[in-house]
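Undergrad: For reference, the chains in residue letters:
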Amino acid sequence: MLNLIWLFLIVSSIVVAAINGRMELINQAVFEGAKNGVTVCFGLFSVIAFWMGLMRIAEKAGLLQLLAKALTPIVGWIFPDVPKGHPAIGYILSNISANLLGLGNAATPMGLKAMEELQKLNPDKQAASPAMCTLLAINTASITLIPTTMIAIRMQYGSANSVEIVGTTLVSSFAATFFALLLDRWYRIRSRQLRK
Amino acid sequence: MYQWVSLVSLWAIPVMISFILVYGWQKKVPVYETFIEGAKGGLGTTIKILPHLIAMMVAITLFRESGALDLLLQILEPLLRALHIPKEIVPLALLRPLSGTGSLAIATDLIAQYGPDSLIGRLASTIQGSTDTTLYVLTVYFGAVGIRNGAYALKVGLWSDLAGIVFSVIVVYLIFG
Chain U
273 MLNLIWLFLI VSSIVVAAIN GRMELINQAV FEGAKNGVTV CFGLFSVIAF
323 WMGLMRIAEK AGLLQLLAKA LTPIVGWIFP DVPKGHPAIG YILSNISANL
373 LGLGNAATPM GLKAMEELQK LNPDKQAASP AMCTLLAINT ASITLIPTTM
423 IAIRMQYGSA NSVEIVGTTL VSSFAATFFA LLLDRWYRIR SRQLRK
Chain H
2 MYQWVSLVSL WAIPVMISFI LVYGWQKKVP VYETFIEGAK GGLGTTIKIL
52 PHLIAMMVAI TLFRESGALD LLLQILEPLL RALHIPKEIV PLALLRPLSG
102 TGSLAIATDL IAQYGPDSLI GRLASTIQGS TDTTLYVLTV YFGAVGIRNG
152 AYALKVGLWS DLAGIVFSVI VVYLIFG
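Each protein sequence line maps, in turn, to chains U and H.
Residue numbers for the first sequence follow our numbering, beginning at 273 and rising by one.
Residue numbers for the second sequence follow our numbering, beginning at 2 and rising by one.
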């Protein structure tokens, strides 16, 4: 998919430039774009390194487990198909907690562990179970407490208040996650009715 | 509402930093060494993003400079007006569910062009920060356990992405507009 989009962006640009007779801009844009990529990346390194260092402390101190414990009551409501005390629950909780803390690197391994456990409960090993779909809904619309990368980029471009988007990001990602869960529930009920 | 959100924005990071440090220290975590160990990992992550940023930055710069972007926006204009989505944000909205690093490059480009404290800059920051890359998550999670039929997961993911973008527009307009 990404292959096609990238190809489309570049080839269509060159075609349009050819039609408009603006080919000299293409030559300029190639090098300007590449240079920007490098500049941005090195600016990002500072904040990514800082955040990953801080988060390693949170991980080692056991903050992840603490947050998971706090979220336990919610999970029973979101995943009604998973039996209480099943190991999948623990992984799902760790996955959600890591997402909340902006620990993308920790969230994915936990999420994959949860998928393995859910697969054991799944009657059809080729098709996604409803619980798997719910886990994916949560992960694709992940709630974000601190959008570190965006703060870093805003800083780099001289924002007067680079963290002012923390609140809007929190509200918007919260609403999107709630919407995803509702939609997931609706599709789940509908697909069950279709089967009957 | 505005005061509340900006207060949260201002305090979230300082509170989180001091909380994590004090909590870790209390749990007898060697905070300095642990920080260094984690920060080292940041280099790997950054290097991993670099080729993506270069590839996408070139493609986007070309797309914008050549006039192809203007053409696409003209076609999409009626839909955007109906949803009150500023047209500058369209490339970001289109790429957000498909590629995390690709859309990061577009968001960066928007911030560079319009300024981080402009409405477009704030909107780009919020959109990029508030949803995850649906295609990537689906590929990795289903791929890891060999699921071929993803049922309705893709639909849910893509619709929530659209919802996330619309919510971002609404929230940013309410707070900063």
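Among the clues, some could well be false.
Computed far set for chain U versus chain H, every beta-carbon distance over 10 Å [said to hold, decoys possible]: (1) 278; (2) 312; (3) 325; (4) 332; (5) 352; (6) 359; (7) 361; (8) 362; (9) 384; (10) 417; (11) 421; (12) 432.
Listed next, the in silico DMTMM-like pairs over lysine to aspartate or glutamate satisfying Cα-Cα at most 25 Å (straight line) [what the hints assert, rightly or not]: (13) 307(U) <-> 34(H); (14) 88(H) <-> 388(U); (15) 332(U) <-> 66(H); (16) 156(H) <-> 388(U); (17) 307(U) <-> 89(H).
Negatives, chain H to chain U, calculated, CB over 10 Å [as the list claims (entries may be wrong)]: (18) 27; (19) 41; (20) 63; (21) 75; (22) 76; (23) 80; (24) 88; (25) 89; (26) 121.
Don't read these hints as lab results, they were simulated from the structure.
Note that this is a predicted model, so its numbers are computed, not measured.
All residues carry an ideal CB built from backbone N, CA and C; glycine is no exception.
Undergrad: Compare the structure with each hint and give your call.
TA: Now the hints, each set against the structure:
Chain H draws residue 278(U) into its interface by the beta-carbon criterion, the shortest separation being 6 Å against a cut-off of 10 Å. The claim that residue 312(U) lies off the interface is violated: its Cβ sits roughly 5 Å from the closest Cβ of chain H, which falls inside the 10 Å cut-off. The Cβ of residue 325(U) does not lie farther than 10 Å from every Cβ of chain H; its closest approach is about 3 Å, which violates its non-interface assignment. A Cβ of chain H approaches the Cβ of residue 332(U) within 10 Å, the least distance being about 5 Å, so the stated non-interface status is violated.
Listed as a non-interface residue, residue 352(U) keeps its Cβ farther than 10 Å from every Cβ of chain H; the least gap is roughly 17 Å. With 10 Å as the threshold on Cβ separation, the claim that residue 359(U) sits away from chain H holds: the shortest Cβ distance comes to roughly 15 Å. No beta-carbon of chain H comes within 10 Å of the beta-carbon of residue 361(U); the shortest separation is about 17 Å. Its beta-carbon lying about 17 Å from the closest one in chain H, residue 362(U) satisfies the requirement of being farther than 10 Å from that chain.
Once the 10 Å rule is applied to beta carbons, residue 384(U) is inconsistent with being away from chain H; the minimum gap is 5 Å. Listed as a non-interface residue, residue 417(U) fails to keep its Cβ farther than 10 Å from every Cβ of chain H; the least gap is roughly 7 Å. Some Cβ of chain H comes within 10 Å of the Cβ of residue 421(U); the nearest lies about 7 Å off, and the non-interface call is violated. Taking the minimum C-beta to C-beta distance to chain H, about 6 Å, the non-interface status of residue 432(U) is violated against the 10 Å cut.
Straight-line distance between C-alpha atoms of residue 307(U) and residue 34(H) comes to about 34 Å, which puts the hinted pair past the 25 Å bound. Under the criterion of a C-alpha separation no larger than 25 Å, the hint pairing residue 88(H) with residue 388(U) is inconsistent with the structure, at around 42 Å. A C-alpha spacing of about 48 Å is found between residue 332(U) and residue 66(H), which places the hinted pair above 25 Å, so the restraint is violated. Distance restraint check for residue 156(H) and residue 388(U): the Cα-Cα separation of roughly 22 Å lies within the 25 Å cut-off, and the hinted pair is therefore satisfied.
For the hint linking residue 307(U) to residue 89(H), the alpha-carbon distance of about 22 Å falls within 25 Å, and the restraint holds. The Cβ of residue 27(H) sits about 8 Å from the closest Cβ of chain U, inside the 10 Å cut-off, so the non-interface label is violated. With a least beta-carbon separation of about 8 Å from chain U, residue 41(H) fails to lie farther than 10 Å from that chain, contradicting its non-interface assignment. Distance check for residue 63(H) against chain U: the nearest CB is about 4 Å away, which does not clear 10 Å, and the non-interface claim fails.
Against the 10 Å criterion, residue 75(H) stays outside the reach of chain U, whose nearest CB is about 12 Å from its own CB. Chain U leaves residue 76(H) outside its interface by the beta-carbon criterion, the shortest separation being 12 Å against a cut-off of 10 Å. Look at residue 80(H): its CB is around 19 Å from the nearest CB on chain U, clear of 10 Å, so calling it non-interface holds up. Every Cβ of chain U is farther than 10 Å from the Cβ of residue 88(H); the closest lies at roughly 17 Å, confirming the non-interface assignment.
At roughly 16 Å from the closest C-beta of chain U, the C-beta of residue 89(H) stays outside 10 Å, upholding its exclusion from the interface. Non-interface status of residue 121(H) relative to chain U is upheld: no Cβ of that chain comes within 10 Å, the nearest being about 12 Å off.
Of the numbered hints stated above, those contradicted by the structure are hints 1, 2, 3, 4, 9, 10, 11, 12, 13, 14, 15, 18, 19, 20, listed in ascending order.
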